[in-house]
Every structure is written in structure tokens, then in C-alpha cells.
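Enquirer: Given chain F, put chain G in place with the hints provided.
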Amino acid sequence: MSDLKHNKEQLLVIGIGNIGRGDDGLGWKMADIISEMELDKVSVEYRYQLQVEDAHLVSEFPIVVFVDASKEKLPGGFSWQPCKPGDHYFYSSHLQSPETVLYLAETLFSKKPEAYILAIEGENWDLGECLSEIGDKYFQKASAFFIPHIKNLQTNTQPIQMQSFAHT
Amino acid sequence: MTRKITIDPVTRVEGHGRVTIHLDEYGQVKDSFFHIVEFRGFERFIQGHPYWEAPVLVQRLCGICPVSHHLAAAKAIDQIVGIDPKDLSATATKLRRLMHFGQLFQSHALHFFYLASPDLLFGVDAPAEKRNVIAVAAEHRELAIQGITMRKFGQEIIKAVAGKKIHGILAVPGGVHKTFSEAERDYFLDGKNIENIDTMIAWSQAMVAFMRDYHEKHHKFLDEFAAFPSGHLGMVGPDGAMEMYDGKLRAIDFEGKRTLDDISTDLYQDYFAEGVAQWSYMKFPYLKSLGRENGWNRVGPLARINVCDYIPTPLAEKARQDFIAFTGRKINNSTMFSHWARLIEVLHSAEVIKDLLHDPEIFGTDLVRKGERRSKGIGIIEAPRGTLTHHYEVDEKGMITKCNLIVSTTHNNDAMNTAVKWVANNVISRKGHITDGMLNQVEVAIRAYDPCLSCATQAMGKMPLKAELYNHKGELIDERFKA
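Those protein sequences? They're chains F and G, same order as listed. In case it helps, my numbering puts the first sequence at residues 26 to 193. In case it helps, my numbering puts the second sequence at residues 13 to 495.
Take the hints with a grain of salt, since some may be wrong.
[Stated by the list, open to error] Derived DSS-like pairs: lysine-lysine, alpha-carbon spacing no greater than 30 Å straight-line:
| # | chain 1 | residue 1 | chain 2 | residue 2 |
| --- | --- | --- | --- | --- |
| 1 | F | K66 | F | K136 |
| 2 | G | K142 | F | K137 |
| 3 | F | K109 | G | K142 |
| 4 | F | K66 | G | K171 |
| 5 | F | K137 | G | K204 |
| 6 | G | K171 | G | K190 |
| 7 | F | K176 | G | K330 |
| 8 | F | K66 | G | K190 |
[Stated by the list, open to error] Partial chain F-side listing against chain G, Cβ under 10 Å, derived:
| # | residue |
| --- | --- |
| 9 | D57 |
| 10 | I58 |
| 11 | S60 |
| 12 | M62 |
| 13 | V77 |
| 14 | E78 |
| 15 | H81 |
| 16 | Q121 |
| 17 | T125 |
| 18 | Y128 |
| 19 | T132 |
| 20 | L133 |
| 21 | F134 |
| 22 | G153 |
Just so you know, these hints were derived from the structure itself, not from any lab. From the three backbone atoms N, C-alpha and C, an ideal C-beta is built for every residue, glycine too.
Here chain F stands alone, though its shape is the one from the complex (with noise of 0.2 Å):
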């Protein structure tokens, strides 16, 4: 029953991805990591898509972070970016942005959780579980810099303070 409840005072991490076509699946690595920490602040959900009521969702989270791989080039292999509310629309009903999403918890909840995007590079997209070597090779980078974060989460008494999580 538990997973059908979440602690909602803290932190949302939602992996967005699908393991089934290699990289893609880097945000669900990244949330089986941090689930498998079972920290009692943070809670991680899986995605293949962002859907619209994801809006509900992020609404119930003061801080949520997505995480997805990208395909564009990024320096040093990741991003972790704020994330904004945005009003951009995509044709299909099981397929929107983050930005929409927030966009749509602001609407319809009247909540703006504090939301972060942490992209990591990816390279093959073809049918298959395996991450290739660039992705894992990012991967690790960006575990080195998300992890240790969140691992402190479960020692501080002190409100999760995200714009600290400086990444150059």
C-alpha cells in the first residue's frame, strides 16, 4: 500500500524514459538508484511519457526534479537545469514537457513546486536494455554530482535547499 502514497513533504524525483531503447533509459537508472536509497524525504516515480496529470502529481511535491536523457549535446555530459512553467502544447495526450506540467500544476492546483531538469547525454536509442559507453560513462558523471545531494537528504534536519546543488 505504501507505494500508493507518498511522503509529499519533500522531494519528487521522476526518472522519464523507456529501458527498452538504450539510453532512454538513463532517467529510470537514475530513479532505481535513488529508490533503491529508500529515503524517507524523497519519492521517485518511473515515466515513459509526462502525461497531463503529472500536474496533479508534482502539485502535492514542494521540489521536484526530472530526470531524462537527452539526445542534444551537453557539456561534460549533463545538465541540471531550473524548470520553469511553460504553456507549449504537444499534439499528443500522453506525451508533454516538463514545463507543461508545471505549467499545468500552477493552473489547475494553484502550486508552483520548485522543479529542476537533470539531462544526461545519450547516444543510442535503438531497441535494447543495455546503456552504451557514452551513456554510462555520463551516467556516472551525473551520479557523481545528483547522488551525494540526496544522500545528504537523509542526515539533514534542515529543509532540502536544491539551489545548492551548484553544477558548472
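Expert: Same frame as chain F, but now just chain G:
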């Protein structure tokens, strides 16, 4: 000059479709086609896999209706392990039904709120930037919140029984792998964490009332738009009740005369054949007895309302009676009434979910049954979009040697093409120019069938958007993109 208009793809449907409309030199519609041009291959590449993998693998056909494929495949694989639907334990049957109605509820809610409501709330001629769920959220906040909450409720049901909202696993050969707990049941009843099932029923009733009122106000348009006679196919229970999970197949013609008289789903091959067309990857199923031209049927909510004798939950049955009384016709051949029928099924699904949540057998521990191995299994269910068939054959080692899928949207292939022709003839023909509103009306006609083209073609890959206009020489003279 003959011109050809292409809408490629049709937006707000699940997958990639393309419409071409051919005009003659006088601007009159000569012909039209609804093309499906995506790759199709699931039936082939599942061959060689062990039978028990099928209910898991086929979920990858689609991210929208994986539950339907999971359950249809599971019913087929049950037969391969020697278990017919009547042999399944009561707990397994009821948990599968709970998952199925959770899927029907969330899928129909998605279609109404995200796909259909922009056309209904803003009009088919509204600017394209208004015809989306973002605009609905901005201008109809409460409706949008209800839509999101209802979809979430259905997905939470699926997650509770299957572990995940998408591509979760409940069914195993001969049963289910987990039972339900009282804590899980209470989650949907106590309203502490999410709106409870009684609220879902109340909102569903309000949606049905909204749609009835909408029909009152737009009677002429909704009665006439893309209306055409056709056959209707759906599943019914032993006494003619609407049945979604397991029953007999019934088809009727446009006036209600039986063309398929409550046959066992195991016999579908004796009665159905599948045609192909050079211009589409989607097949064209039809009744052999009536032939390719006349034997096709609509499937889905409107067809199910038409073929059943009654709906076995009280509020939905009352809504069905009202639906029939509204037009004074038992059989409804108006495409736009599909939305109303779909909402009646939302209400029915909510009522069934409530009944199942109060049924102590969902907590049972008799989960899996075993029988004598067979070489063939056929599973047919009523998916949100209509009758869905999974058929597998296996060798002595249990490896799949044959797979045939007849997906709901393929049954509606002819119906969608006929609807497109109606719009082409009545809206575009002889107008001398093409507006965005006209093109949207083509899409409105298709969207009423809630097609899932990913399922129908077992598509892979990305789905770009494009519209093209050709002259009588086949020369491209205009094009539109939607992305």
C-alpha cells in the same frame, strides 16, 4: 483540376494517421482515404517467444491501452494452459475485471477531457491554439481538474492491482499473481488520499448530463455530422447484457437485425476475415457472411450500446434508456453520439469498480489454476476502443508459432474512412477553399472513434505531422504541418 488534400497526421489521436482527399476539376470530392502508414510487425516478432511472455510483451504495443492487450493476451494464454474463462478462480476473474474497468474508466476519461472536449467546448472552427487541453485547463478549470482526477483514479486502480500505471502485470497463465488487500481497497473508498469512488460516480453522472445537454443544444450538428448506416459489433453476456471482459460476440446491421448471433469468441475465425488495402497498414476485418463491402462493423462505445439489450448497472442503464429515448431510435448510426455513449460507459465502469471494491472475493487467495496444455488460445475482450482479439498458437515446447491480433481500431477502419468521406463530401466539396476549421472537422470525425493507431499498426518510432494538397496531376500545391 483535380486536387488532393492530405492531413498528415491527424492530431489528437493515439498514433500517426494521414488523410488524403482527392478533388476533381470542379472542386468536388472524388475520393478520400484514411491512411495508416506506420510499421506493423508485432504479430511477427512475437513468434519464437515462450507463450507465457505474451501478456507482458504485447503491452509494449502501446502506452495507452497496455492493460487491454495484457488481459486479451492473458485470456488466450489461459487457454494454452488449459484454463477457459469459466475455470478461472473467482478472485482472479474479479481482479482482472477490476483492472479492466480501471482501464476503461481512465482511457475514456482521457479521451473525453484531453481529446474530445476541446472540440466540444470551443467548437470545431475554433483556432488551432485553442483546441487543446491547455486551453481547457485555462478556461474550464473545474472540468479539467475533474478530468485529471478521474484519469488518475483509473490509473491508481491499475497500479493497485498491477503494480504500475503503465505496463504493470497482474495476469499470469491461469490466473493472477497477487491478491488485493483491505488497505488497498480502503484507499479507493475512504477519500483520504484521493477522491473516492462515490465521487467518481457523481462526476461521471455529471458528465453524462453535460453531454445530454450539449446534444440538446447542438442537435442538428451532432445528429447529422458523419452519420451513416453501418453494422455494429460488441460482446454481450448470456442474457444480452453489455459485457466487457468475457461473453459472446453479437453483430447487428444498421437497423438492428442480427448479423452475428451471440457466437463463442473461440469461433471468431469461422465468421471473420481480414481484408488489406495497398494504401494502409491497417487491416479491414469483416463478416464473411456479408463480404468485404458490406460486412464491416463499427466497434466501441456506440456499437456496444447498440448491440446490448441492457447495461447491468443501474445508473448506466438509466443513462442508456435516456440515450435511446433522445433519438427515438434503438440503433444509433450517428458518429458524434460515440462521445455520449463513451461517457455512459465511464459511468458503468465506475459502478462496476464500486461493486468490485465491495466484493470480498477480491481478497481471495485462490489465484492460479492449471489445466491440460493446448496448442491454441484465443482471448477476446471489449477494450475501450472496441472488440480486441488476441490469438496465439504454440509448438510442443511452448514457443509461439502464430499470432493474430485484430485490434479495435482496425474494426473501425472502414467506419473512419466512411466518416472522412462524409466530411469530405459535406464540408469540403465545392467550397473552393480549404480552411483550418474544415480540416479539423475531418479530424473530429476520426477522433469520435478514439482510434489508437499505435495499436492498430503496432507502430514503432516517432510520428510527425503533415498535411498536403495535390492537383489532378498529382502535383503538390499546398501543405500543412502540425507539430
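Enquirer: Now tell me if each hint is right for this structure.
Expert: Status of each hint after checking the structure:
1. A C-alpha spacing of about 19 Å is found between F:K66 and F:K136, which places the hinted pair at or below 30 Å, so the restraint holds.
2. Distance restraint check for G:K142 and F:K137: the Cα-Cα separation of roughly 23 Å lies within the 30 Å cut-off, and the hinted pair is therefore satisfied.
3. Among the hinted pairs, F:K109 with G:K142 is consistent with the structure: their alpha-carbon atoms are about 22 Å apart, no more than 30 Å.
4. At roughly 22 Å between alpha-carbon atoms, F:K66 and G:K171 fall within 30 Å of each other, so this suggested pair holds.
5. Of the supplied pair hints, the one linking F:K137 and G:K204 holds, its CA atoms being roughly 23 Å apart against a limit of 30 Å.
6. A hinted pair counts as satisfied when its Cα atoms are at most 30 Å apart, and G:K171 with G:K190 qualifies at roughly 12 Å.
7. Pair hint F:K176 plus G:K330 does not hold up; C-alpha atoms about 56 Å apart against a cutoff of 30 Å.
8. Our distance criterion of 30 Å between C-alpha atoms is met by F:K66 and G:K190, whose separation comes to about 29 Å.
9. Because the smallest distance between the Cβ of F:D57 and any Cβ of chain G comes to about 14 Å, over 10 Å, the interface hint for this residue is violated.
10. A hinted interface residue such as F:I58 counts as satisfied when its beta carbon comes closer than 10 Å to some beta carbon of chain G; here the least separation is about 18 Å, so the hint is violated.
11. Given hint, F:S60 at the interface with chain G, is violated; its Cβ is 13 Å from that chain's nearest Cβ, farther than 10 Å.
12. With 10 Å as the threshold, the beta carbon of F:M62 stays out of range of chain G, its nearest partner Cβ sitting at about 20 Å, so the hint is violated.
13. At a threshold of 10 Å, the smallest CB-CB gap from F:V77 to chain G is about 6 Å, leaving the interface hint in force.
14. A distance limit of 10 Å between C-beta atoms decides the matter here; for F:E78 the minimum to chain G is near 5 Å, and the interface restraint holds.
15. At about 5 Å, the closest approach between the beta carbon of F:H81 and any beta carbon in chain G falls short of 10 Å, and the interface hint on this residue holds.
16. Taking 10 Å as the C-beta contact cut-off toward chain G, the hint placing F:Q121 at the interface holds, the least distance being around 9 Å.
17. Of the supplied interface hints, the one on F:T125 holds, with its beta-carbon coming within about 7 Å of a beta-carbon of chain G, less than 10 Å.
18. For F:Y128, the interface hint holds, since its Cβ comes within 10 Å of a Cβ in chain G; the closest pair sits about 7 Å apart.
19. The criterion of a C-beta within 10 Å of any C-beta in chain G is met by F:T132, whose closest approach is roughly 5 Å, and the hint holds.
20. Interface hint status for F:L133: upheld, as the beta-carbon distance to the closest one in chain G is roughly 5 Å, under 10 Å.
21. Restraint check, F:F134 versus chain G: the minimum CB separation of about 7 Å is within 10 Å; hint holds.
22. Residue-level restraint check for F:G153 is violated (minimum Cβ-Cβ distance to chain G is 13 Å; threshold 10 Å).
Of the numbered hints listed earlier, those contradicted by the structure are 7, 9, 10, 11, 12, 22.
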